[in-house]
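Visitor: Residue-level listing of the chains:
Number of protein chains: 4
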Amino acid sequence: MNDISGSNERSGNGDLTSEGRRKSCWYEEEIEQDLRWCYALNSILHTGASQYQDIALLDTRPFGKALVIDGKLQSAEMDEFIYHESLVHPALLHHPNPKTIFIMGGGEGSTAREILRHKNVDKVVMCDIDEQVVDFCKSYLVANREAFCDTRLHITINDARAELERREECFDVIIGDLADPIEGGPCYQLYTKSFYESTVKPRLNEGGIFVTQAGPAGVFSHTEVFSCIYNTLRQVFKYVVPYSAHIPSYADTWGWVMASDSPFKADTEELDARIKQRIKGENRYLDGKTFASASILSKAVRKSLDKETQVYTEGTARFIYGHGTAHKLNHAHA
Amino acid sequence: MNDISGSNERSGNGDLTSEGRRKSCWYEEEIEQDLRWCYALNSILHTGASQYQDIALLDTRPFGKALVIDGKLQSAEMDEFIYHESLVHPALLHHPNPKTIFIMGGGEGSTAREILRHKNVDKVVMCDIDEQVVDFCKSYLVANREAFCDTRLHITINDARAELERREECFDVIIGDLADPIEGGPCYQLYTKSFYESTVKPRLNEGGIFVTQAGPAGVFSHTEVFSCIYNTLRQVFKYVVPYSAHIPSYADTWGWVMASDSPFKADTEELDARIKQRIKGENRYLDGKTFASASILSKAVRKSLDKETQVYTEGTARFIYGHGTAHKLNHAHA
Amino acid sequence: MNDISGSNERSGNGDLTSEGRRKSCWYEEEIEQDLRWCYALNSILHTGASQYQDIALLDTRPFGKALVIDGKLQSAEMDEFIYHESLVHPALLHHPNPKTIFIMGGGEGSTAREILRHKNVDKVVMCDIDEQVVDFCKSYLVANREAFCDTRLHITINDARAELERREECFDVIIGDLADPIEGGPCYQLYTKSFYESTVKPRLNEGGIFVTQAGPAGVFSHTEVFSCIYNTLRQVFKYVVPYSAHIPSYADTWGWVMASDSPFKADTEELDARIKQRIKGENRYLDGKTFASASILSKAVRKSLDKETQVYTEGTARFIYGHGTAHKLNHAHA
Amino acid sequence: MNDISGSNERSGNGDLTSEGRRKSCWYEEEIEQDLRWCYALNSILHTGASQYQDIALLDTRPFGKALVIDGKLQSAEMDEFIYHESLVHPALLHHPNPKTIFIMGGGEGSTAREILRHKNVDKVVMCDIDEQVVDFCKSYLVANREAFCDTRLHITINDARAELERREECFDVIIGDLADPIEGGPCYQLYTKSFYESTVKPRLNEGGIFVTQAGPAGVFSHTEVFSCIYNTLRQVFKYVVPYSAHIPSYADTWGWVMASDSPFKADTEELDARIKQRIKGENRYLDGKTFASASILSKAVRKSLDKETQVYTEGTARFIYGHGTAHKLNHAHA
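Residue numbers (the UniProt record's numbering), protein chains in the order written: chain A, 1 to 334; chain B, 1 to 334; chain C, 1 to 334; chain D, 1 to 334.
Among the clues, some could well be false.
The list treats identical chains as one, so a pair stands whether inside a single copy or across any two.
Unchecked claim - Once the Cα atoms are required to be at most 30 angstroms apart in a straight line, the calculated DSS-like pairs of lysine-lysine come out as:
#1 K138 with K119
#2 K193 with K238
#3 K276 with K303
#4 K303 with K265
#5 K265 with K289
#6 K303 with K280
#7 K276 with K307
#8 K307 with K193
#9 K119 with K303
#10 K280 with K307
#11 K265 with K280
#12 K238 with K289
Because the hints were derived from the structure by calculation, they are not lab data.
Owing to the predicted nature of the structure, the values given are computational and were not obtained by experimental measurement.
Same shape as in the complex, but just chain A (with noise of 0.2 angstroms):
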């Protein structure tokens, strides 16, 4: 038929047939304000806004599904498990015997959902500021639908200080994720000084640990909000671990800060033994090497956190571009 030679004669002409195409929807993130990253649209699948934030479920070719909150990308189906596993289960693999946790945002419900897969924890708090952003994962991630009915979970709707400074309970671990600090952005008083020293720490059980989201942690992204996150973590707690992995859809390596009073004692063969022992399924990500190699830093990165002496107290905080608001799409703070 004429039809199917005509379009194979196009395909010399720029267009592609089938499979190969030219994509005409793309989703557009500027990483940096010089910098952008694009996929390929499938499909727009909700759309919604709260009073705080827009938010987006988008059908990507590269990514999967992606959870977009003000026109950044939050986690992306193809690789969210790395950045969750990375967060989660480091903390609660070093800690002897996690029983209660309590998340500071989380409202995707990915971070609960790795947490519950911990067989020894009994209770897990997640407390997030967005109602209508917990809605909308509640009904439209399929992979968190098991998590959010969890009867371990008890979601709270509040400002993350104002919810541990309400509750008299302590946790066994306490996990930050919240978008980055950003000088008068919604979460930066979420990683100050005083913050973790009084709200965080009194809040910790004997032997508890923190750990939170630290933001880009590439050769040069680093000095963006990570540096200055382990400095302040350093101020306040005796060991301090800061640990990375590249995300393909962040464009860009990120970090994680796992901090305690307690030294952090397992190596990778007891890791690895905990993973066996405690998580229920496999991990896809994180194991006891995973975590040696994330936990050393190249020469670059490393050398600059030694370097730093910023510290984020009230007064001060530093610019991540764009992931303002947003990054992590938990505003646990207002």
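Dock chains B, C and D against the given chain A, drawing on the hints supplied.
Guide: Then chains B, C and D, alone, in the frame of chain A:
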């Protein structure tokens, strides 16, 4: 609330809040290989595929709902009236009493809709080769629902040439609402001298008029196919009128050519009078003066058309970038 | 050689070889906030900055060399003739014998170049506020070199209003080649009723004509400033003629308005005769018929202009997206 | 001055002033068919073309000067040190006393530059097939000027296989700095088992080490060619070490594979000691710990490499999107 000030803060760093927020999702079309036209997207409403082509209905910010076939915009809610009023009304208005109309292609339904606004029209035959496109448009293009239900409309799924040859009746007006003529493309045979002579002309009643969309007609782009379609028609018909109009969503001026063996006698006032008499509802774009302006081409285009020597025959055809298989979604010829 | 077959192999996977190779470097302009227009780039020829604005000369694939000010295309080699012939010739041709011309803005030099093609013109005053732009264009715009050297051209660096008020002489034609009127923008005072009444009109000789570029004039975009410039001028002058033309590199139809207290009497033939008599060389775009077509607006635009009630006064102004400071590069007013 | 306030005004409408101004010129790379990576451009410094490929030197905002071959980024000023330190130093440092080095490809000169920093190196043979690329880089890549002048460097323009077969001498280290292996591409024969066995291994001195760039090594992208290069090398050499690092300008983690018939014995401290002894100047990226981290792959990649069964032979090859002809600019094989 801090969230708000946080949001505002961001706007100083490249992002804009609320209304002014940077758009994340875009539809992108390659007008030419080195020229792109991009609309911000609200959503991707429907997608589908036929035996011949991919179909999508997008909700775009600048132009409303947009029908896209094989990665090429077919028509956009906000300005398709310019294309369809220009294609249909000049021919029907110049004809003294058009009762029967044949549409080659036109599966979108908008051409039929404009024809059916003429009270004197008794019968419209729309012949499109792609049933799925017709069904898609029937289902999703709300503006054409009424037209699709009009009992005067007869839809037939066939190659336009085969259909015209098969039928014994003649028509007052025959309208070509087809993809542009591309060598090897599905429609180029429907623009050849022999097709016009042997198939179209014999199916026109005495005083009948043929009109066809004729591709881009901009100062530069008119040489792609417009001048050649014009020149081909003037080999076959005594009176040939090329005209054009700028269509914002196409990012170009578009062309049509009207042809007959009877002279086109209606002047501006007569056209306006006939519009009042014959057409239900009010035209948004076309009236006597609009047509007067549209049918006076600029010096650059006029000279170029005068000098055109190429004629579409089975063995020749010109290329129009990308608009290949698709430009008007109707593939009336296999 | 394998290299070749290797290259061919790739073309099946999305890249095209040689001529058809995918372009890597692009110029991107936001026509509106949700509409982008992108040209493939060959090179970035020159960049500069003045006290007022950033200047760049790009070599684009679709439109040749392009002058860009503050991220907005000013004029492109391939089609600037449409803008400049349309701005200059209708006014000069309708005037019985234009000898002295004043250009508000026009630092690019192309407006002067078209004026200087008129043999009867004795003196052209070009008043632009930005010396660096004038110098940049003098250096790099080869097409205007001869014009910049013409002894009839007098360049003065000043605010156009101040200059017109300072001067005692009158002119046969005054031409506004300025950025669009944006509230708070640098040029909007040069589009107000009081400016036209108190500054422009007193500087026109008997029978003098004023003409100004008037922003986008598309079916939708004409409401941004075109209709209001038209309506403001008809408060001040007895005879006002709006006209428009599609300019491919602008991705829109553009508008101009010509105004006088003497009637515009030259018809199509008379215009053609005067072109022959008065203009050196041949116009590429404008002749009698082109102007006839350009000055008959489509129904949609005509109705909208008729109904326009807004008048630019010091206290009002309409917004035209992005073309703010810049659209025509000439900032004749501080 | 109004101009200034005018400019500020605009920033509320989508454009940003001065520093924050929206960028107009972009370099765009298709990482994959549905994934784009775009840098704002300051300028296009030089362009050229060889018999094999197009060459450009761009000045990008996020990554400085960038060498682009056939539309694919080869290396960017700001982070090419990660790629080149990772390619060169692990092999040279693990070797007890590397004196003679052969580079397959490497026309850019950066690989040679890193090798020449080793004081014990006596002779470097760089064999690239594309003389124009070598000349272009010699002329324009300032960072490599000194290296190109080093008398220890011997540049030869030839196919790497032909050159290795022609020579009678052996080398302490052979380095593959070639485009990725794509079926039908120019370099894929330089990644086959038979090439390693019959051409590379016989040209290594006792204790010699072979190392090659090995394509993307991200959590998903490592299956394109990295795992297969690794698996092919372990068919041929007794000791094979895959390692990786995130390279910001590539928007991905990149991989290298080091192979030898002698064990790799240097530990972290030994590597650091050798760096101090042997290397002139200071590494920015690579030290003992960096290599320790780089050579522990994440669980996901490790498992996938273990299970890899494919071996590159003359008859097999995997595709890596777009990086086809080009990824490393050196086309050492015809």
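Visitor: Taking the hints in turn, state whether each one holds.
Guide: To see whether the hints hold, each was checked on the structure:
1. For the identical chains of this complex, K138 and K119 are intra-copy neighbours only, at 22 angstroms inside a copy versus 55 angstroms across copies, given an alpha-carbon limit of 30 angstroms.
2. Taking CA atoms no more than 30 angstroms apart as the test, K193 paired with K238 passes inside one copy only; the shortest distance there is 14 angstroms, against 52 angstroms between copies.
3. In this assembly of identical chains, the alpha carbons of K276 and K303 lie at most 30 angstroms apart only when taken from different copies (17 angstroms versus 35 angstroms within one copy).
4. Taking the shortest alpha-carbon separations for K303 and K265, both the intra-copy value of 24 angstroms and the inter-copy value of 26 angstroms come in at or below 30 angstroms.
5. When the C-alpha separation of K265 and K289 is checked against a cutoff of 30 angstroms, the pair qualifies both within a copy, at 15 angstroms, and between copies, at 19 angstroms.
6. In this homomeric assembly, K303 and K280 come within 30 angstroms of each other (Cα to Cα) only across copies, at 19 angstroms, whereas the closest approach inside a single copy is 38 angstroms.
7. In this assembly of identical chains, K276 and K307 lie within 30 angstroms of each other by CA distance solely across copies; the values are 21 angstroms between and 38 angstroms within a copy.
8. Taking the shortest alpha-carbon separations for K307 and K193, only the intra-copy value of 18 angstroms comes in at or below 30 angstroms, while the best inter-copy value is 46 angstroms.
9. Only between protomers do K119 and K303 lie at most 30 angstroms apart by alpha-carbon distance; the minimum there is 25 angstroms, versus 38 angstroms within a single protomer.
10. For a Cα distance limit of 30 angstroms, the shortest separation of K280 from K307 across copies, 24 angstroms, qualifies, whereas the shortest one inside one copy, 40 angstroms, does not.
11. Proximity of K265 to K280 under the C-alpha cut-off of 30 angstroms is restricted to the intra-copy arrangement: shortest distance 23 angstroms within a copy versus 38 angstroms between copies.
12. Taking identical chains as interchangeable, the C-alpha atoms of K238 and K289 lie at most 30 angstroms apart whether they share a chain (24 angstroms) or sit on different chains (23 angstroms).
In summary, the structure agrees with every hint in the numbered list given earlier.
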